[in-house]
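Participant: Residue-level listing of the chains:
There are 2 protein chains.
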Amino acid sequence: MMKSANLFADLPGNLPEELIEILVDTPDVRIERIVSTGHASPPGFWYDQAENEWVVVLRGKATLAFEDEERVLKPGDYVLIPAHRKHRVTSTSEAEPTVWLAVFFGGKTAAGAE
Amino acid sequence: MMKSANLFADLPGNLPEELIEILVDTPDVRIERIVSTGHASPPGFWYDQAENEWVVVLRGKATLAFEDEERVLKPGDYVLIPAHRKHRVTSTSEAEPTVWLAVFFGGKTAAGAE
Chain F
8 MMKSANLFAD LPGNLPEELI EILVDTPDVR IERIVSTGHA SPPGFWYDQA ENEWVVVLRG
68 KATLAFEDEE RVLKPGDYVL IPAHRKHRVT STSEAEPTVW LAVFFGGKTA AGAE
Chain L
8 MMKSANLFAD LPGNLPEELI EILVDTPDVR IERIVSTGHA SPPGFWYDQA ENEWVVVLRG
68 KATLAFEDEE RVLKPGDYVL IPAHRKHRVT STSEAEPTVW LAVFFGGKTA AGAE
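Protein sequence lines, in the order shown, are assigned to chains F and L. Basically our numbering = 1-based index in the first sequence + 7. Basically our numbering = 1-based index in the second sequence + 7.
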């Protein structure tokens with residue numbers, strides 16, 4: 008009934024793809040743990056999401072690019088990415104797993120406003 | 008426009024009350040950073056919330072009590088507390104600040120189902 012676990016457990020050392028684990032999934036909100044090991048978005052690819060995303064890096068290091076700026080995220084650094092704000096992951100650490108926690112919300116509202 | 012900061016910045020060493028900072032506040036979801044330094048719920052007090060709460064301890068240590076069990080949370084440990092599941096904070100570390108990240112959601116649904 009009460010799902011519990013540890014965000015830093017079972018960190019894979021190397022993966023061909025990013026590992027995405029959905030921790031909460033409701034009509035209002037989706038919470039994901041994402042583990043990257045050197046992954047980046049494909050060249051020229053941009054996320055353009057209907058949902059808002061609040062995301063924090065908890066371990067490792069990542070670089071997030073927007074059309075007009077780039078941000079390096081270290082453990083504890085968070086950013087709120089509004090729906091349809093284009094972004095991509097330029098790089099993640101190859102030295103250690105990068106653990107992200109992402110909260111997606113407001114998708115219905117955003118879609119309705121399109 | 009894009010609010011960003013660090014969850015581990017500006018950690019107070021000692022506070023008379025818990026420090027609650029609201030990072031995201033929308034009709035669907037509320038995200039809070041909570042900093043405890045030895046705080047606990049008052050004796051006999053139980054949280055009985057209309058919203059679901061997904062909560063993780065990111066630094067420090069805390070003990071969370073439910074009516075039928077008790078859980079020690081260390082960094083990375085998370086738990087999903089359904090709406091109206093009574094709980095209280097038995098203790099938090101006095102040696103260092105305990106940093107919680109809490110995501111509240113589904114309040115409207117829970118309230119409508121009462």
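Hint data in this document are derived by calculation from the structure and do not stem from the laboratory. Treat the hints with care, since some could be wrong.
Which copy is meant is left open, so a pair is good if it fits within one copy or across any two.
As the list claims (entries may be wrong) - In silico SDA-like links for lysine to any residue, alpha-carbon gap of 25 Å or less:
1. LYS81 / LEU26
2. LYS93 / PRO50
3. LYS68 / THR33
4. LYS81 / PRO34
5. LYS93 / ALA16
6. LYS81 / GLU24
7. LYS81 / LEU30
8. LYS10 / ALA102
9. LYS93 / THR70
10. LYS81 / GLY20
11. LYS68 / ASP17
12. LYS68 / ALA12
13. LYS93 / GLY20
14. LYS81 / ARG66
15. LYS93 / PHE52
16. LYS10 / TRP53
17. LYS10 / ARG95
18. LYS10 / GLU101
19. LYS81 / ILE29
20. LYS10 / PRO23
21. LYS68 / PRO34
22. LYS10 / THR70
23. LYS10 / SER48
Participant: Each hint: holds or not?
Facilitator: We went through each hint and held it up to the structure:
Proximity of LYS81 and LEU26 under a CA criterion of 25 Å is satisfied in both settings, with 19 Å inside one chain copy and 23 Å between copies. With identical chains, the CA atoms of LYS93 and PRO50 are at most 25 Å apart within one copy only, with a shortest distance of 14 Å there and 49 Å across copies. Proximity of LYS68 to THR33 under the C-alpha cut-off of 25 Å is found in neither arrangement, the shortest distances being 29 Å within a copy and 28 Å between copies. Taking identical chains as interchangeable, the C-alpha atoms of LYS81 and PRO34 are never at most 25 Å apart, the minima being 30 Å within one chain and 29 Å between chains.
Proximity of LYS93 to ALA16 under the C-alpha cut-off of 25 Å is found in neither arrangement, the shortest distances being 31 Å within a copy and 27 Å between copies. Proximity of LYS81 to GLU24 under the C-alpha cut-off of 25 Å is restricted to the intra-copy arrangement: shortest distance 21 Å within a copy versus 28 Å between copies. In this assembly of identical chains, the alpha carbons of LYS81 and LEU30 lie at most 25 Å apart whether taken from the same copy (22 Å) or from different copies (18 Å). For the identical chains of this complex, LYS10 and ALA102 are neighbours neither inside a copy (31 Å) nor across copies (28 Å), given an alpha-carbon limit of 25 Å.
With identical chains, the CA atoms of LYS93 and THR70 are at most 25 Å apart within one copy only, with a shortest distance of 14 Å there and 40 Å across copies. For a Cα distance limit of 25 Å, the shortest separation of LYS81 from GLY20 qualifies both inside one copy, at 19 Å, and across copies, at 22 Å. Proximity of LYS68 and ASP17 under a CA criterion of 25 Å is satisfied in both settings, with 18 Å inside one chain copy and 21 Å between copies. In this homomeric assembly, LYS68 and ALA12 come within 25 Å of each other (Cα to Cα) both inside a single copy, at 23 Å, and across copies, at 15 Å.
When the C-alpha separation of LYS93 and GLY20 is checked against a cutoff of 25 Å, the pair qualifies neither within a copy, at 29 Å, nor between copies, at 38 Å. For the identical chains of this complex, LYS81 and ARG66 are neighbours both inside a copy (7 Å) and across copies (15 Å), given an alpha-carbon limit of 25 Å. Taking CA atoms no more than 25 Å apart as the test, LYS93 paired with PHE52 passes inside one copy only; the shortest distance there is 10 Å, against 45 Å between copies. Proximity of LYS10 to TRP53 under the C-alpha cut-off of 25 Å is restricted to the inter-copy arrangement: shortest distance 20 Å between copies versus 33 Å within a copy.
Taking CA atoms no more than 25 Å apart as the test, LYS10 paired with ARG95 passes between copies only; the shortest distance there is 17 Å, against 31 Å inside one copy. Taking CA atoms no more than 25 Å apart as the test, LYS10 paired with GLU101 passes in neither setting, with 31 Å inside one copy and 27 Å between copies. Both within a single protomer and between protomers do LYS81 and ILE29 lie at most 25 Å apart by alpha-carbon distance, with minima of 22 Å and 21 Å respectively. Within a single copy, LYS10 and PRO23 get their C-alpha atoms no closer than 28 Å, and across copies no closer than 32 Å, so neither meets the 25 Å cut-off.
Within a single copy, LYS68 and PRO34 get their C-alpha atoms no closer than 30 Å, and across copies no closer than 31 Å, so neither meets the 25 Å cut-off. In the homo-oligomer, the alpha carbons of LYS10 and THR70 lie at most 25 Å apart only across protomers (16 Å), although the nearest pairing inside one protomer, at 31 Å, exceeds that limit. In the homo-oligomer, the alpha carbons of LYS10 and SER48 lie at most 25 Å apart only across protomers (23 Å), although the nearest pairing inside one protomer, at 31 Å, exceeds that limit.
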